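Enquirer: Listed here are the chains, written in short residue letters.
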Amino acid sequence: AQSVTQLDSHVSVSEGTPVLLRCNYSSSYSPSLFWYVQHPNKGLQLLLKYTSAATLVKGINGFEAEFKKSETSFHLTKPSAHMSDAAEYFCVVNNNAGNMLTFGGGTRLMVKP
Amino acid sequence: EPEVTQTPSHQVTQMGQEVILRCVPISNHLYFYWYRQILGQKVEFLVSFYNNEISEKSEIFDDQFSVERPDGSNFTLKIRSTKLEDSAMYFCASNGGAETQYFGPGTRLLVL
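Quick note, the sequences are listed as chains W and Y, same order. Take the first sequence: its letters are residues 10 to 122, numbered as in this note's numbering. Take the second sequence: its letters are residues 537 to 648, numbered as in this note's numbering.
For reference, chain W alone in the conformation it holds in the complex (with noise of 0.2 Å):
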């Protein structure tokens, strides 16, 4: 079985600051790892994934995430956000027994100017 817990239900903050939201997850099998961020009235966009490779992945829009095996942690990370930045971001695990994906509660980003 695999889930994954997205620890702030919202984050809030200021224009130029740090970004960082944080997920952890549980899974059977070596997973594979993804964010992705919904804007409103848009589809699921991908941001990010982790597939096995080099535990620090880079995005689009300045996102990274890095892939910590023993905290079991895939936490996604912004040096400066940006107002276009807020939107809800989900963290995603891929079940490599099959293509199904499990996913987080979702991370409200809210951007202050």
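Quick caveat, the hints were computed from the structure, so don't treat them as lab data. Note that the structure is a prediction, hence the values are computed from the model and not measured. In this text, a Cβ means the ideal position worked out from N, Cα and C, and glycines have one as well. Honestly, I wouldn't trust all of these hints.
What the hints assert, rightly or not - For lysine-lysine, the following PhoX-like pairs were computed, each having C-alpha atoms within a straight-line distance of at most 25 Å:
#: 1; chain 1: Y; residue 1: 614; chain 2: W; residue 2: 51
#: 2; chain 1: W; residue 1: 78; chain 2: W; residue 2: 67
#: 3; chain 1: Y; residue 1: 578; chain 2: W; residue 2: 78
#: 4; chain 1: W; residue 1: 58; chain 2: Y; residue 2: 593
#: 5; chain 1: W; residue 1: 51; chain 2: W; residue 2: 121
#: 6; chain 1: W; residue 1: 51; chain 2: Y; residue 2: 578
#: 7; chain 1: Y; residue 1: 578; chain 2: W; residue 2: 77
#: 8; chain 1: Y; residue 1: 619; chain 2: Y; residue 2: 593
#: 9; chain 1: W; residue 1: 58; chain 2: Y; residue 2: 578
To be verified - Over the 10 Å line for every Cβ pair with chain W, so calculated as not near, a few chain Y residues:
#: 10; residue: 562
#: 11; residue: 574
#: 12; residue: 579
#: 13; residue: 580
#: 14; residue: 587
#: 15; residue: 591
#: 16; residue: 606
#: 17; residue: 616
#: 18; residue: 617
#: 19; residue: 619
#: 20; residue: 622
#: 21; residue: 631
#: 22; residue: 637
Starting from the known structure of chain W, fit chain Y onto it as the hints suggest.
Expert: Relative to the frame of chain W, chain Y by itself:
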């Protein structure tokens, strides 16, 4: 850049009615999926589809649900007799054989 599209964007229906949600996956993709998100809850897997048959389904995907690829481009989800608890956002996704699934914008279904 190719993308997954879904129609309609919003659907309102009466309880007990049948609805069909439509998706056009990315054109060279072979694997197709439906997920749903009830308001305030997690995104949940419903079903995956490959080579004209269901490859995996969740316990949510009961006999009220069916999927079909009626032609070379569309992928549909049918709910035979809708219930109030079917109200949700329904997402279609596709992938070309790698691990990344590409999602459509969703159809918001409201059952009255």
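Enquirer: Now, for every hint given, state plainly whether the structure supports it.
Expert: Hint-by-hint comparison with the structure:
Taken as a hint, the residue 614 of chain Y and residue 51 of chain W pair is honoured in the structure, with Cα atoms around 22 Å apart against an allowance of 25 Å. Straight-line distance between C-alpha atoms of residue 78 of chain W and residue 67 of chain W comes to about 17 Å, which keeps the hinted pair within the 25 Å bound. This hinted pair checks out: residue 578 of chain Y and residue 78 of chain W have alpha carbons roughly 24 Å apart, not beyond 25 Å. Between residue 58 of chain W and residue 593 of chain Y the CA atoms are separated by roughly 24 Å; this keeps the pair inside 25 Å, and the hint holds.
Among the hinted pairs, residue 51 of chain W with residue 121 of chain W is consistent with the structure: their alpha-carbon atoms are about 21 Å apart, no more than 25 Å. With a C-alpha separation of about 17 Å, the suggested pairing of residue 51 of chain W with residue 578 of chain Y holds against the 25 Å cut-off. Proximity of residue 578 of chain Y to residue 77 of chain W is assessed by CA-CA distance (about 24 Å); at most 25 Å being required, the pair is judged to hold. A threshold of 25 Å between alpha carbons decides the hint, and for residue 619 of chain Y with residue 593 of chain Y the separation of about 19 Å falls inside it, so the pair holds.
For the proposed pair residue 58 of chain W and residue 578 of chain Y, the alpha carbon gap of about 20 Å is at most 25 Å, so the pair holds. Its beta-carbon lying about 12 Å from the closest one in chain W, residue 562 of chain Y satisfies the requirement of being farther than 10 Å from that chain. With a least beta-carbon separation of about 12 Å from chain W, residue 574 of chain Y lies farther than 10 Å from that chain, consistent with its non-interface assignment. For residue 579 of chain Y, the non-interface assignment is contradicted: its Cβ lies about 4 Å from the closest Cβ of chain W, within the 10 Å cut-off.
Taking the minimum C-beta to C-beta distance to chain W, about 8 Å, the non-interface status of residue 580 of chain Y is violated against the 10 Å cut. Separation of residue 587 of chain Y from chain W is adequate, the least Cβ-Cβ distance of about 13 Å exceeding the 10 Å criterion. Look at residue 591 of chain Y: its CB is around 7 Å from the nearest CB on chain W, not clear of 10 Å, so calling it non-interface is violated. Every CB of chain W lies more than 10 Å from the CB of residue 606 of chain Y, the least distance being 22 Å, so the non-interface label holds.
Every CB of chain W lies more than 10 Å from the CB of residue 616 of chain Y, the least distance being 23 Å, so the non-interface label holds. With a least beta-carbon separation of about 26 Å from chain W, residue 617 of chain Y lies farther than 10 Å from that chain, consistent with its non-interface assignment. For residue 619 of chain Y, the condition that its CB be more than 10 Å from all CB atoms of chain W holds, with the nearest at approximately 23 Å. With a least CB separation of 19 Å from chain W, residue 622 of chain Y remains clear of the 10 Å interface cut-off, as annotated.
Look at residue 631 of chain Y: its CB is around 7 Å from the nearest CB on chain W, not clear of 10 Å, so calling it non-interface is violated. Not every Cβ of chain W is farther than 10 Å from the Cβ of residue 637 of chain Y; the closest lies at roughly 6 Å, contradicting the non-interface assignment.
Checked against the numbered hints listed earlier, the structure breaks hints 12, 13, 15, 21 and 22; every other hint is satisfied.
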